[in-house]
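Engineer: Take the sequences, apply the hints, and build the full model.
Chains as they are written, first to last, in full-length UniProt numbering: chain A, 1 to 232; chain B, 1 to 215.
No lab work stands behind these hints: they were computed from the structure. Glycine residues also receive a C-beta, built at the ideal position from the N, C-alpha and C atoms. Check each hint, because a few of them may be wrong.
Pair ranges (Cβ atoms, derived) [said to hold, decoys possible]:
| # | chain 1 | residue 1 | chain 2 | residue 2 | range |
| --- | --- | --- | --- | --- | --- |
| 1 | B | ALA137 | A | GLN97 | 38 to 48 Å |
| 2 | B | GLU133 | A | VAL232 | 30 to 40 Å |
| 3 | B | PRO129 | A | GLY197 | 27 to 37 Å |
Pairs of lysine to aspartate or glutamate residues, derived as DMTMM-like cross-links and limited to a Cα-Cα distance of at most 25 Å, are as follows [stated by the list, open to error]:
| # | chain 1 | residue 1 | chain 2 | residue 2 |
| --- | --- | --- | --- | --- |
| 4 | A | LYS229 | A | GLU108 |
| 5 | B | LYS138 | A | ASP145 |
| 6 | A | LYS147 | B | GLU133 |
| 7 | B | LYS152 | A | GLU58 |
| 8 | B | LYS23 | A | GLU108 |
| 9 | B | LYS141 | A | GLU58 |
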Amino acid sequence: MTATQNQSTDKKYLDTKMVVKVYGPTYASPKRVLACLIEKEIEFETVDVDLFKGEHKEPEFLKLQPFGSVPVIQDGDYTLYESRAIIRYLAEKYKEQGTELLGKTIEEKGLVEQWLEVEAHNFHPPLYNLVINILFAPLMGAPSDQKVIEESDKKLEKVLDVYEERLSNSKYLAGDFFSLADLSHLPFGHYLVNQTGRGNLVRERKHVSAWWDDISNRPSWKKVLQQYKYPV
Amino acid sequence: MVVKVYGPHCASTKRVLVCLLEKEVEFEVVPVDLTKGEHKDPEFLKLQPFGVVPVIQDGDYTLYESRAIMRFYADKYRSQGIELLGRTAEERGVVEQWLEVEAHNFHPPAYDLAVHVLFAPLFGITPDPKLIEESEAKLLKVLDVYEERLSKSKYLGGDFFSLADISHLPFLDYIVNKMNKGYLIKERKHVSGWWDDISSRPSWKKIIQLYPPPV
Numbered sequence: 001m002t003a004t005q006n007q008s009t010d011k012k013y014l015d016t017k018m019v020v021k022v023y024g025p026t027y028a029s030p031k032r033v034l035a036c037l038i039e040k041e042i043e044f045e046t047v048d049v050d051l052f053k054g055e056h057k058e059p060e061f062l063k064l065q066p067f068g069s070v071p072v073i074q075d076g077d078y079t080l081y082e083s084r085a086i087i088r089y090l091a092e093k094y095k096e097q098g099t100e101l102l103g104k105t106i107e108e109k110g111l112v113e114q115w116l117e118v119e120a121h122n123f124h125p126p127l128y129n130l131v132i133n134i135l136f137a138p139l140m141g142a143p144s145d146q147k148v149i150e151e152s153d154k155k156l157e158k159v160l161d162v163y164e165e166r167l168s169n170s171k172y173l174a175g176d177f178f179s180l181a182d183l184s185h186l187p188f189g190h191y192l193v194n195q196t197g198r199g200n201l202v203r204e205r206k207h208v209s210a211w212w213d214d215i216s217n218r219p220s221w222k223k224v225l226q227q228y229k230y231p232v
Numbered sequence: 001m002v003v004k005v006y007g008p009h010c011a012s013t014k015r016v017l018v019c020l021l022e023k024e025v026e027f028e029v030v031p032v033d034l035t036k037g038e039h040k041d042p043e044f045l046k047l048q049p050f051g052v053v054p055v056i057q058d059g060d061y062t063l064y065e066s067r068a069i070m071r072f073y074a075d076k077y078r079s080q081g082i083e084l085l086g087r088t089a090e091e092r093g094v095v096e097q098w099l100e101v102e103a104h105n106f107h108p109p110a111y112d113l114a115v116h117v118l119f120a121p122l123f124g125i126t127p128d129p130k131l132i133e134e135s136e137a138k139l140l141k142v143l144d145v146y147e148e149r150l151s152k153s154k155y156l157g158g159d160f161f162s163l164a165d166i167s168h169l170p171f172l173d174y175i176v177n178k179m180n181k182g183y184l185i186k187e188r189k190h191v192s193g194w195w196d197d198i199s200s201r202p203s204w205k206k207i208i209q210l211y212p213p214p215v
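Structural biologist: Right, here's the structure in full:
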């Protein structure tokens, strides 16, 4: 890519500060990216996108993110979307600085990938349903689906039982090291523990509870919470 | 030490098998009969605590989640076989983006269609016509975005074949060849051309021949 080649030869390019732009910082998924940027000591700026006003469906935004979701980042002339893709990209590209978020070996990285996938496919879907039906439906004047809430509660409990077993044998999800896999749980985990009235799902599980306290007390996460308020 | 792959007949496992073939990594398979509930046996749950396939064993290293396994092998065997992660950090980022799009936008409605149209009798559930309709509508919108992307780019990640394309093979095969919903793909010129290209790869043809799905 031309940008990478220019970086070593073009002093003017080097002197220009390229700051990563992150769209939609107030919402949950973009907070994965913000936490990662802080852990990796990467400078960034944010651009607000008002989902309640439908700004994510406007033609200008759809040019950046054709599915109409946040986050999306711009790194110079490079655009990327999907929060879990962005954090993988950043963790890889900035491997030499900040916190190591991918483990030390290829096998450790594999386990990070495994638990990132578990978060995406097992933890996220039921929790997302709970957040939409319990927190956002009332805000939008939409009905809450009790059946979905019940099914999601059951699914999440089963998933957290597996997490309890795992975290009784391992300090963090992928091993004895903090990684993208743990980080990925912060934004919606925050809703679960603090706002859905289901904090007990975490607190009743000794190792999940301790793990949650550990990861949510990291300075990076506390900074994200302090600077970018959730919409509810 | 040959990689052991559990559940070869299932769609998700095929992501892993295609990846291993493309990376020229030897493997053996261990069938898991879902209709007999073998994926919920205590012995299997020790390997994969969520009770799903695939899971791999590589010596004493165990790994599950098909997209994690693909990434692991594409990384570990970077220097052999086909490059499946792009050439630069930026190209890899785009591969990761489309892998996530497949996982979050394409897969959920495609999976719901497969379960309700193809596997309902196998899983003992009643097909839900409303869900089938909604899933197809969601898929249409997603494939419109793919059509736009593939009108500018030969493959999803760029001008190179990657994990992002592999990830779509198993459920696209169900849609095109097993569900009579091939029109979803065929009606979109660039999606159709892309499907023909990726499904003609020797790796895919070999896997689908060796491990036919249970329909």
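Engineer: Could you check the hint for me, namely that GLU133 of chain B and VAL232 of chain A are 30 to 40 Å apart, CB to CB?
Structural biologist: Holds, since GLU133 of chain B and VAL232 of chain A (Cβ atoms, about 32 Å apart) stay within the stated range.
Engineer: Keeping to a limit of 25 Å between CA atoms, is the pair of LYS138 of chain B and ASP145 of chain A held or broken?
Structural biologist: 20 Å, holds
Engineer: Between LYS147 of chain A and GLU133 of chain B, does the CA-CA distance stay at or below 25 Å?
Structural biologist: 20 Å, holds
Engineer: Given the hint that LYS152 of chain B pairs with GLU58 of chain A, test it: the Cα-Cα distance must not exceed 25 Å.
Structural biologist: Measuring from Cα to Cα gives roughly 22 Å; hence the hint holds.
Engineer: Given the proposed pairing of LYS229 of chain A with GLU108 of chain A, does the C-alpha separation stay at or below 25 Å?
Structural biologist: Given pair LYS229 of chain A, GLU108 of chain A is violated - Cα atoms ~33 Å apart, limit 25 Å.
Engineer: Starting from the range 38 to 48 Å, see whether the pair ALA137 of chain B and GLN97 of chain A falls in it by beta-carbon distance.
Structural biologist: Given range 38 to 48 Å: holds, Cβ gap about 45 Å.
Engineer: Does LYS141 of chain B pair with GLU58 of chain A here, judged by a C-alpha cut-off of 25 Å?
Structural biologist: Given that 25 Å is the threshold and the Cα spacing comes to 16 Å, the pair holds.
Engineer: Below or equal to 25 Å on CA atoms is what counts here, so check LYS23 of chain B against GLU108 of chain A.
Structural biologist: 20 Å, holds
Engineer: Per the hint of 27 to 37 Å, is the separation of the Cβ atoms of PRO129 of chain B and GLY197 of chain A within bounds?
Structural biologist: 34 Å, holds
Hint 4 from the list above is the single one not met by this structure.
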